[in-house]
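Construct the entire structure; sequences and hints are all you get.
Number of protein chains: 2
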Amino acid sequence: MKKLINRPESVLADSLRGLAAAHPELRVDLERRVVYRAEPKAAGKVGLVSGGGTGHEPLHGGYVGPGMLDAAVAGEVFTSPTPDQIAAALGAVGTGAGVLQIVKNYTGDVMNFEMAAELAAAESGVEVETVIVADDVAVEDSTFTAGRRGVGTTVLLEKIVGAAAEEGQDLASVAGLARRVVNNGRSMGLALTSSTVPAAGKPTFQLEEGEIEVGIGIHGEPGRERRPIAPASELARLLVDPVLADLDFTAGPVIALLNGMGATPLIELHLMYGEVAALLDAAGVQVARRLVGNYITSLDMAGCSLTLLRVDDELLRLWDAPVVTPGLRWGA
Amino acid sequence: MKKLINRPESVLADSLRGLAAAHPELRVDLERRVVYRAEPKAAGKVGLVSGGGTGHEPLHGGYVGPGMLDAAVAGEVFTSPTPDQIAAALGAVGTGAGVLQIVKNYTGDVMNFEMAAELAAAESGVEVETVIVADDVAVEDSTFTAGRRGVGTTVLLEKIVGAAAEEGQDLASVAGLARRVVNNGRSMGLALTSSTVPAAGKPTFQLEEGEIEVGIGIHGEPGRERRPIAPASELARLLVDPVLADLDFTAGPVIALLNGMGATPLIELHLMYGEVAALLDAAGVQVARRLVGNYITSLDMAGCSLTLLRVDDELLRLWDAPVVTPGLRWGA
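Line by line, the protein sequences are chains A and B.
Last residue of the first sequence? That's 452 in the working numbering, and every number before it is there in order.
Last residue of the second sequence? That's 452 in the working numbering, and every number before it is there in order.
Honestly, I wouldn't trust all of these hints.
Heads up, the list lumps identical chains together, so a pair's fine if it works in one copy or across two of them.
[To be verified] List of simulated lysine to any residue pairs, SDA-like, C-alpha gap at most 20 Å:
1. K122 - Q326
2. K122 - N303
3. K122 - P342
4. K122 - T227
5. K322 - E249
6. K322 - T199
7. K122 - T215
8. K122 - R346
9. K122 - I349
10. K122 - P351
11. K322 - G404
12. K322 - A365
13. K322 - E151
14. K122 - D368
15. K122 - S353
16. K122 - L327
17. K122 - T324
18. K122 - R357
19. K122 - F325
20. K322 - G296
21. K322 - P128
22. K322 - E196
23. K322 - P348
None of these hints come from the bench; they were simulated from the model.
As structure tokens, this is what we get:
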């Protein structure tokens, strides 16, 4: 294992310290491992909290800032944060107009965020709504999941509900909007290599030379099949076809996210997006906005995923609203 | 070699097509392989052109847009663009107030950009100034270079002179500013793995398990030494010490860029930046702005580089000015 780290045990603490040094506009609680905005949102607006295991950067800490999250709670690598960490974040940002917590559908996360919501309600009287993202069409259940896994739609969701909370929508509307996004987003990924969890010191799984895993999860959970690598135009089909088969994306505009898994350079992501865009065009899907880059990663895994989200004028307006975070920034 | 590509021969064309699909705000001339703004800058302002071999994305195509470049000329992977490609770009954007071309110090690039400037002057009467970036302190001469190699300072330069051109400074001032940036920027990099050029099909060089190359170039050119990997805190010293030894960075504020080489995930870049920031602080260097991420890459190489640039109020003002490109975006 060759990584830019000090010791496997200190990766989370050290990387949070680096995030804080790189982004003075964030306030990092190094003890609780929660990333906040240095300048909190105006009181009386709905708070937004997300979090999960570390290793998916810029998710979630990189999405804290005006127009997106108020707090991101970091667990150890690929491990849910604990209920008391999450409850601290909920208490810190949810005292005004309540808080929506955004949870990716993994068993540990769902359990700990639910417990945290109860804790925060009991300790600080915070009203908490929860939305669970389960958008990965690859498999119905998985190593860490009952039901589908939560992946790329999370990024789009955090942006869209972030805009709604910023403009002062109340908790019921923000939570309703979040569910609308969840119902309209679908994802599918593939891996060229495994990632290596620092504490394990070796790749989570082994792929042969020339072999890929289709339907991979962001923790290296098994997908649908292993098969030989093929030209990008064929690989694009392995992402586009299952997503389009799962939901009708031809009725109106969509936002497309072509996401890198961490170790795939932009030159390959651009190239893949070109292939994906051609297939979507041929299928009659109208891409209104697109995002190509590393947005929800899996440590040093090489590979990519596709997320499509059906949108209407309202969702597009919220998507286009200003956002100022390390991971997504425009309009301000 | 496992990559998201179709064929090694079509990587450049396919990735440019993907860039165009991902970014409708760019106009990509697929025949000449030049990336332009879809909406050109107002006439009468200095044009900015850069370019070089492909494989360093988002450099340079990802830095085309308001507040930064007007055109980026793409050569094949790690290969200079040809004089006629460059001359076409110079002619297209330089007819108003002349054009500054920004060239990284590699023998092929320097020769071809110089020839292009003569061609453009002869064919379109365009006045061309040239600035050459040679900021890598690792080695004095190298495989592709007489003198120092041009690396991370290029990104900071393109942003700063982009702002100056946007606000209407004339060619002499913009070129003078560019030389000021070049004189005040220094870089140093290290690699954990080689990159793999698609046409070669195998890594450019071999590192043993647990071995790194210190002073690596962005084409995999040899650096200063190979040594065993060490904790990030020690690796940070291998970047910071030679940069600080080469130029005094303690007299005023600096912009710091901690750059990923393409396959290193953000979690490791954050962590490294934390170590670098601590060393800079201890050395009395005052970091006024910082940038952490993949900005000038080397295909799928794992590793990172550090760039420091001495700045004053004027350079900081230009750095903070709005920029709207795929690779850098703020303030608009």
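### Task
Tell me, please, which holds for K322 and P128 at an alpha-carbon limit of 20 Å: within, between, both or neither?
within (12 Å within a copy, 30 Å between copies)
### Task
Indicate which option fits the pair K122, P351 if close means a Cα-Cα distance not exceeding 20 Å: within, between, both or neither.
Cα proximity of K122 and P351: across copies only (10 Å, versus 29 Å in one copy).
### Task
Check K122 against F325 for me: Cα-Cα at most 20 Å, and say if that holds within a copy, between copies, both or neither.
both (17 Å within a copy, 16 Å between copies)
### Query
Within a copy, between copies, both or neither: where do K122 and T324 come within 20 Å Cα-Cα?
both (15 Å within a copy, 18 Å between copies)
### Query
Given identical chains, is K122 near Q326, meaning Cα to Cα at most 20 Å, within a copy, between copies, both, or neither?
Close inside one copy (17 Å) and across copies (14 Å); limit 20 Å.
### Message
At most 20 Å between CA atoms: does that hold for K122 and N303 within a copy, between copies, both, or neither?
### Response
neither (40 Å within a copy, 34 Å between copies)
### Query
Under a CA distance limit of 20 Å, which applies to K122 and T227: within one copy, between copies, both, or neither?
Close neither inside one copy (30 Å) nor across copies (33 Å); limit 20 Å.
### Query
Taking 20 Å as the upper bound on the Cα-Cα distance, should K322 and E151 be classified as within, between, both, or neither?
neither (28 Å within a copy, 45 Å between copies)
### Query
Between copies, within a copy, both or neither: which fits K122 and R357 at Cα up to 20 Å?
between (33 Å within a copy, 17 Å between copies)
### Query
How would you classify K322 and G404 at a CA-CA limit of 20 Å: within, between, both, or neither?
So K322 and G404 fail the 20 Å test inside a copy (43 Å) and across (39 Å) alike.
### Query
When no copy is named, should K122 and R346 be tagged within, between, both, or neither for a Cα gap of at most 20 Å?
between (26 Å within a copy, 14 Å between copies)
#### Entry: K122 and D368: within-copy, between-copy, both or neither at 20 Å Cα
neither (43 Å within a copy, 32 Å between copies)
Violated hints for the displayed structure, listed by number in ascending order: 2, 4, 5, 7, 11, 12, 13, 14 and 20.
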